[in-house]
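Sequences and hints are given; from them, build the entire structure.
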Amino acid sequence: MHPEHWMSVEEAGLFCRPANLYIDPMLPVTRAVVTHGHGDHARSGHQCVYASALTLKIMTTRYGEDMAVSPLPLRMGESVVLGDEHDPVLLTLYPAGHILGSCQVLLVYRNTRLVISGDYKRRDDPTCPPFEVIPCDVFITEATFGLPVFTHPPIEQEIQKLLTSLRVFSHNCHLVGTYALGKCQRVIIALRQAGYHKPIYIHGALEKLCKLYADEGLELGELILVNDVIDKQTLTGEIVLAPPSALNDRWSRKLPDTRTVLASGWMQIRARAKQRQVDLPLIISDHCDWPELIQTLEEVSPQEVWVTHGREDALVYQASRMGFKAKALSLIGYEEDEENG
Amino acid sequence: MEAFSELLEQLYFTRGTKAKATLIEDYLHRTPDPDRGWAVAALAGELRFDFFKRNTIKALMLTRTDPTLFALSYDYVGEMSETVAHLWRPEENKAWTTPLPGLATLVDQFAVAKKQQVPNLLAQWLDVMTPAQRWALIKLGTRGLRVGISARSMKHILANYGGVSINDIEALWHGIAPPYSTLFSWLDGTGPKPDIANQVTFHPVMLAHPLDEQTRQKLVIKDWQVEAKFDGIRVQLVSKPSGKALFSRTGDDISHAFSDLLDTIDHHCILDGELLVMHGAKIDTFNQLQKRLNKKRPSSSLMASLPAAMMVYDVLQYDNKALSHLPLSQRRSALQSLMAKMANPRLHLSPCYDVTSHEQLALLHHSLCKTPENEGLMLKRKDSHYIPGRPKGIWYKWKRDPLLVDAVIMYAQRGHGKRSSYYSDFTFGAWEGDTLLPIGKAYSGFTDADLKKLDNWVRRHTVGRFGPVKEVQKKLVVEVAFDAVHLSTRHKSGLALRFPRFHRIRWDKPADEADSLDTVKALIPPSSHHGD
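Chains as they are written, first to last, in the numbering used here: chain A, 53 to 393; chain B, 244 to 775.
If you are wondering where the hints come from, they were derived from the structure by calculation, not from laboratory data. Relax, there's no trap hidden among the hints.
Reference excerpt, derived from the structure (chain A facing chain B, CB under 7 Å, subset only):
1) Leu199
2) Ile321
3) Ala366
Straight-line Cα separation of at most 25 Å, BS3-like style, residue types lysine-lysine; simulated pairs:
4) A:Lys379 to B:Lys713
5) B:Lys764 to B:Lys534
6) B:Lys525 to B:Lys640
7) B:Lys564 to B:Lys436
8) B:Lys642 to B:Lys461
9) B:Lys261 to A:Lys213
10) B:Lys696 to A:Lys326
11) B:Lys261 to A:Lys306
12) B:Lys713 to B:Lys735
13) A:Lys326 to B:Lys695
14) B:Lys764 to B:Lys684
15) B:Lys713 to B:Lys695
16) B:Lys642 to B:Lys625
17) B:Lys296 to B:Lys538
18) B:Lys735 to B:Lys684
19) B:Lys713 to B:Lys684
20) B:Lys261 to A:Lys326
21) B:Lys487 to B:Lys584
Away from chain A, derived, C-beta distances all over 12 Å, residues of chain B:
22) Glu268
23) Ser428
24) Gln442
25) Pro447
26) Leu450
27) Val463
28) Val469
29) Leu549
30) Met582
31) Thr599
32) Ser600
33) Asp677
34) Arg747
Even for Gly, the Cβ is constructed at its ideal location relative to N, Cα and C.
Dropping the structure here:
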């Protein structure tokens, strides 16, 4: 049966009726599946939550032990049967390549396959397994960077920009805005891979998630809390990571002569960087750029494409040009602050 | 070109005039003539021709991309140059070769290229440039560089570079042309100061600051010359043995549009004043002047029915004698005798008011604000020299309070430049019965925090879209401020507001309590009902 008869957009979010299951719901519900740990997808207060063990760990780190009544970890590729046993919905998770623990959700109902890809990317990311192409009838994709102006340069090139700036502006503290989950740890690892082995200083809001990544065996090197630095003047010429909201906040005023850096896919649009009063924009994204979105549509090659949050107009248009039936799903609430780009 | 593109990139992201000035000075030191002169011209907004039109770029871009995707990208990015810089895909792996030619070579190539050669030339360069270089070339070629350097700050930088006074640079500026080789040889100490005495050039005008209540109360009235503030446009009339011209306040030559005024001038002088439409001594409305401003070459019947005149308030030069270093009181007496000598019916002396107390000043302001040809009054220190730019505490304008109405937001569009990708351009309307009719558009008057809130509101309340324009639920009331309202056949509501801007956002106010069209119409000054 076509998914438009068993999937709907409700106030809480995308809903699968025969499984009584919400996908990344915004409001507390009885049964949810959560694709990944970013705050706009993973909320607390649900009854049962299906997710990868790592996503559940991230949610516990963020919201505490009682973030849900029954957290139900699923391994990648492991299926669970939901709904009426004579008319079941099969739920399976697959890697999405977005951040640690991120998954796509495959729902199979009456021989029809629907993939909700959540947020995803196609670049190498040492913190998570790569996106897997899952054949399906309907493919639901995000479109955060769904315009042909977005082509993300290699992360190595962007990290070099930061290292060059550190050399040229050696008297400035380089304050780098990175989203606390995923972006932060990816930037740290990329710095280490580029040969930067000095301690990296972090804002308190990044501490727990960095520890979680380190506990999962990802080498982040020496991290020091800015709060533990007694003489802040010693941060001259050092790298300090903070959530983007702290860049122009009172918190950053105690740092010596800052040069403001922001790592985000949005930084490709110079006016965006300017709006954020950024001195050095780094185009580093955990989402697909335009060529990757197109590549993914080609590889998945579904019957139909549904586009969720982002620049949906352009991607719907492009998918139609490529011969897919396509439509936009208006899901509100995701990507409100645009800080996890 | 690499150096220029890099400079622009740095200037774009660098905050603070001082830091920007350091970057430019450094560039001037390490860049040879004539490249650096063209860079100065580009940054100061002194390039006098477009390399290519925006339409040429757009047409060229559409040969390489899908029109719908281009339109959606442009709508999102909010800026043509950057959209093209990112969207451009080089033909057959030509990508990114170095070195590119110098800036002057590129300027020359585009200057001599025939119209039909331009697209090929442009495509050829876009193919081999990085996105940042493409952006620089398009910005340069369409004269749209906005990297936070004003013409004035460029002059400061040049003065600093050569160790000369800013006033020297100002005085020379409109008599020299890019790539400024004579200027640079003077600044480098290898040549004489350029001589521009006989040229008919624009002299940057002196501007006034708005007067706030606190400052006003502290003024010692007897030190100030008080004049009406006329509702026309600021002009400078330059008449020399070698020729004459009328300039706008930004230095644009508008002589041809106002030849009826200019033809009557036969004395040699530089006058500062307000351009108005006048029937003898009677001043017509700004709305009528607008009809003249819209015509670059007006017909003789238009010139006869709406004759141009000038309300003169200052004199900078007379018979080749510079007067700008004299105090205003002395310039005023020189102006009075000059005006008497000229006895030109098109030139009127701006009257000074005899005011001796704060009470009288307030009364005068009140009465001047009631006449449609004025928009308040001017206060100028009697001992002030004529200083180009907007020096502090010397000249003030005390304008009429703005008019206010409560209007309802109807449509929103994304902004450009700094506000690209935010919904920041709003069409608002007033009620006629139970229908809303649009009465104007506003882009300003809100804070960055308001802007974010408005943007969010638009996204959540969109009910339809027409290309880049979003129609929103008719729910949000804004208090709109504007300088005047006139009848106009151009808009469905029959009204046109002058300089509308947000005054306050009334998140609390229900839309049905916004003002009616009749309330807005009641604000039309009585004398302008005949027009339009």
